[in-house]
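Residue strings, one per chain:
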Amino acid sequence: MQRFFFNKRLIIILVTIIIGFTLIAFSIVVRNNRSTPTFIQQVGNGAVNLVDRVVGVPINGLKDTGNSVSELLNTYRENQTLKKKVDSLAAHEVQNQVLKRENKKLKRELNLKNSLTDFKLTTAAVTARTPSSWQNQIIISKGSLAGIKKNQAVVSQHGLIGRVTEVNASTSKVELISNNNSSADQFATQVLAKSGAVNGLITGYSKKTNLLTMGQITSQRKINKGDEVVTSGLGGNSPEGLLVGKVVKVKKDEYGLSSTVLIKPAADLSDLQIVSVAKRID
Amino acid sequence: MRISKMRYFFPLGLLLTLLLDGIFSNLFAAEFFRPNSMIESRLFVVWLVMALCFGEIDHPYLWAVIAGLIFDIYYTGIIGPMFMILPLIVYLTNLMYRFLTPSFIVVLLICLIDITVITTLFYGIFFAISYTSVSLSEFIGETLGPTLAYNLAALVILYWPLKKFFEEFSGNRSV
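Chains as they are written, first to last, in our numbering: chain A, 1 to 282; chain B, 283 to 457.
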């Protein structure tokens, strides 16, 4: 009798492990090859997200109240510095508008409909973050109904934060650029150096220093500290010109042939409430 | 026979704590995910352990599987890890609780073992599918330690209210 129970338990454990690992393999295949997950996953995600948003309201409210109190204390100092910036900003804006109009006109003359710099932003609220050390992933409250597609680039108000990895009807998952796993996408980026643009790929992220690594650089142009880094739009998923960050350091690899650039991300990856998904128009 | 209210409260609480984990992780991301100390919020495990120890719950394995699936589908997008780990946790908790007299220290110990098992297995699976390349020593120092500290602190704070709650609503059942 004892033996019978032991066998039964063993079979349950084995079956669970087999089902579990089959599911893991299945979901990785789906994630790598299909544009949307299975129907059951979609329904589950939608339903849970709805409840999550309701639960999140009071807690986010509390946090916002706390934030507003601390912001109120900083307001005077902030106002002083902002006042100085406003004047130059107005001038920039006018200049920007003129250039945009000129750009449009020139494009029309060249018969160029859309270029890599044209994109539309879809704004979404962040409902939750994966409570796991192994995936830096957030869940946003817009999905395929709002026109979001897999692999689109996601930005916060400061700069690039990641890309969409899973799209459901009304929710999506965004993998942050701080993710360091083997399946993470490599953003095609370029350094706007004084001597011209230098193309490369984001190849990694260092958790310790909070710096992105940009590799695959073949150009010999000189890159300076403080140069801005933007997406180049060459990867096919992200538009051109989304700010990634600033160059902190340029290193030669061990053979002295190609250089790697260390980038400080412009966006704060630990403070995300509202993000925008950049949709390329081309 | 009266139907126990626990029948509704337990799954609702499980879902609520599960969602709170994600919300807290996002709101306090700066505090939770630091360069050398990562906290994985597992409030739903605290709820599960307290419920198994002090409440009378129908079908704990079923709810554990459902909670695991929700975690996998909603948070990670990789179905399987929690789906396998959570029923094991229910089994472990029941096993340990049967041999020990219930007290604060015992529950704390059970929760400690459960969260260690969850965090380690979760890391093991993600390491196996190469979603992380962190070494075992780094994992123990940077994730396991802070995770245990945070979740046990949560248990210490929630112990008395949850104990009262579960005893109250499970006690109604025999009436």
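Rather than coming from a laboratory, the hints here were simulated on the basis of the structure. Fair warning: this is a prediction, and the values are worked out from it, not measured in the lab. Errors might be hidden in some of the hints.
Derived contacts from chain A toward chain B, CB cut-off under 7 Å, selection only [said to hold, decoys possible]:
{"no.": "1", "residue": "I11"}
{"no.": "2", "residue": "I12"}
{"no.": "3", "residue": "V15"}
{"no.": "4", "residue": "T16"}
{"no.": "5", "residue": "Q41"}
{"no.": "6", "residue": "Q42"}
{"no.": "7", "residue": "V43"}
{"no.": "8", "residue": "K63"}
{"no.": "9", "residue": "T65"}
{"no.": "10", "residue": "N67"}
{"no.": "11", "residue": "N103"}
{"no.": "12", "residue": "L106"}
{"no.": "13", "residue": "A125"}
{"no.": "14", "residue": "A128"}
Part of the chain A face toward chain B, derived, beta carbon under 10 Å [as the list claims (entries may be wrong)]:
{"no.": "15", "residue": "F26"}
{"no.": "16", "residue": "R31"}
{"no.": "17", "residue": "G44"}
{"no.": "18", "residue": "G56"}
{"no.": "19", "residue": "L72"}
{"no.": "20", "residue": "V94"}
{"no.": "21", "residue": "Q97"}
{"no.": "22", "residue": "V98"}
{"no.": "23", "residue": "K100"}
{"no.": "24", "residue": "T123"}
{"no.": "25", "residue": "T127"}
{"no.": "26", "residue": "Q216"}
{"no.": "27", "residue": "E228"}
{"no.": "28", "residue": "S276"}
{"no.": "29", "residue": "R280"}
Heads up, simulated DSBU-like pairs for lysine-lysine below, C-alpha to C-alpha not over 30 Å straight-line [unchecked claim]:
{"no.": "30", "chain 1": "A", "residue 1": "K63", "chain 2": "A", "residue 2": "K107"}
{"no.": "31", "chain 1": "B", "residue 1": "K445", "chain 2": "A", "residue 2": "K63"}
{"no.": "32", "chain 1": "B", "residue 1": "K446", "chain 2": "A", "residue 2": "K279"}
Where a beta carbon is used, it is the ideal one built from N, C-alpha and C, also for glycine.
Hint by hint, here is what the structure shows:
1. I11: Hint on I11 (chain A): violated, closest Cβ of chain B at ~14 Å, above 7 Å.
2. I12: violated, 9 Å
3. V15: violated, 11 Å
4. T16: Given a least distance of 6 Å, the restraint on T16 (chain A) holds.
5. Q41: Holds. Min distance 5 Å.
6. Q42: violated, 9 Å
7. V43: violated, 10 Å
8. K63: This interface hint holds because 5 Å falls under the 7 Å limit.
9. T65: Violated - the Cβ of T65 (chain A) stays beyond 7 Å from chain B, reaching only about 13 Å at its closest.
10. N67: violated, 10 Å
11. N103: violated, 38 Å
12. L106: violated, 43 Å
13. A125: It is violated, given that the least Cβ distance between A125 (chain A) and chain B is near 10 Å, above 7 Å.
14. A128: holds, 3 Å
15. F26: holds, 7 Å
16. R31: Check passed: Cβ of R31 (chain A) comes within 6 Å of chain B, closer than 10 Å.
17. G44: Nearest chain B Cβ about 5 Å off; hint holds.
18. G56: holds, 5 Å
19. L72: violated, 20 Å
20. V94: violated, 37 Å
21. Q97: violated, 36 Å
22. V98: This interface hint is violated because 40 Å lies over the 10 Å limit.
23. K100: violated, 35 Å
24. T123: Violated - the Cβ of T123 (chain A) stays beyond 10 Å from chain B, reaching only about 17 Å at its closest.
25. T127: holds, 7 Å
26. Q216: Result: violated, 20 Å to nearest chain B Cβ.
27. E228: Violated - the Cβ of E228 (chain A) stays beyond 10 Å from chain B, reaching only about 25 Å at its closest.
28. S276: violated, 17 Å
29. R280: violated, 23 Å
30. A:K63 to A:K107: violated, 47 Å
31. B:K445 to A:K63: Roughly 28 Å between the alpha carbons, so the hint for K445 (chain B) and K63 (chain A) holds.
32. B:K446 to A:K279: violated, 52 Å
In terms of the numbered hints stated before, the structure departs from hints 1, 2, 3, 6, 7, 9, 10, 11, 12, 13, 19, 20, 21, 22, 23, 24, 26, 27, 28, 29, 30, 32, listed from lowest to highest.
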